[in-house]
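Enquirer: Sequence:
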Amino acid sequence: MTRAASSLSGDEVAALMDELSDISFDQADTAEAPVALQAQVVESFALGQRKDRPVAQLAHLERINERVARRLRDVIEPIAQVRAKVDAVPLETRRFDEWQRNQTDYMSLSLFRVRPAKGMMMIAIDPAFITNMVDAFYGGTGSGHAAKGGEFTPSEQRLQKRLVTAITDVLTRSWGETYPLQFEFATHETNADFANMVRPDEAVVAQSFTIKAGMSRSTRIEILYPLAMLQPIEDAIA
18 MTRAASSLSG DEVAALMDEL SDISFDQADT AEAPVALQAQ VVESFALGQR KDRPVAQLAH
78 LERINERVAR RLRDVIEPIA QVRAKVDAVP LETRRFDEWQ RNQTDYMSLS LFRVRPAKGM
138 MMIAIDPAFI TNMVDAFYGG TGSGHAAKGG EFTPSEQRLQ KRLVTAITDV LTRSWGETYP
198 LQFEFATHET NADFANMVRP DEAVVAQSFT IKAGMSRSTR IEILYPLAML QPIEDAIA
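Residue numbers for the sequence shown follow our numbering, so the first one is 18 and each next one is one higher.
Think about it this way: if two alpha-carbon atoms lie no more than 20 Å apart in a straight line, the pair counts; the simulated SDA-like pairs of lysine to any residue are:
{"#": "1", "residue 1": "K102", "residue 2": "T227"}
{"#": "2", "residue 1": "K178", "residue 2": "A203"}
{"#": "3", "residue 1": "K135", "residue 2": "I254"}
{"#": "4", "residue 1": "K178", "residue 2": "R190"}
{"#": "5", "residue 1": "K135", "residue 2": "D218"}
{"#": "6", "residue 1": "K102", "residue 2": "G231"}
{"#": "7", "residue 1": "K178", "residue 2": "F226"}
{"#": "8", "residue 1": "K178", "residue 2": "I96"}
{"#": "9", "residue 1": "K178", "residue 2": "T204"}
{"#": "10", "residue 1": "K229", "residue 2": "D91"}
{"#": "11", "residue 1": "K135", "residue 2": "Q248"}
{"#": "12", "residue 1": "K178", "residue 2": "T189"}
{"#": "13", "residue 1": "K178", "residue 2": "L126"}
{"#": "14", "residue 1": "K178", "residue 2": "E94"}
{"#": "15", "residue 1": "K178", "residue 2": "R130"}
{"#": "16", "residue 1": "K229", "residue 2": "E94"}
{"#": "17", "residue 1": "K135", "residue 2": "N213"}
{"#": "18", "residue 1": "K135", "residue 2": "P197"}
{"#": "19", "residue 1": "K102", "residue 2": "R84"}
Just so you know, these hints were derived from the structure itself, not from any lab.
Working from the sequences, and respecting the hints, build out all of it.
Expert: Following this line, the structure appears as structure tokens:
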């Protein structure tokens, strides 16, 4: 025993031992542990696991956004018979089931196979926008209200098909300037729960456009791509 230690009385040694026994080394204390100790906390990592790429790195799709917005205006104005304002919205990545939960029970959802890429693309349109465009096309104000459920009328079905076909033509042209893609129609749904383009837990990228035509209220058209499908395309273009 050292000289310093021998100067402690028996009571002082007992008190020191009590204090040491009260110190906890649980994981909950690591937040207040010294930096040297925190550095020893190792985060588990699965080899070969790839994290989702930030939206900011989908540079090619961002550039396409503005081109698609300009060309969508040329599609919508002849139908609405008025000037239309179309703005590209910044890209957004989210889980597909989260996107589904945020949709109304009645939508226009058109799914397409993407060639030569492996995956699906979906065009989501508010049915009220289709109703308004039918009204405007036949000389109305374009400010009507769509039914909250059920099916599209024959006129709405024809216009919906015409609009979606025009949108896919715009996408084919816009993608074709750097990375040619073809979009093959697969199916049409009116309920997001049945629009199974990817697994619920997979990430999708929403390419969205806000549209204001005449007296109709502002609406949004969304084009969804699986993130896993876009990443190899971005790598090939880079």
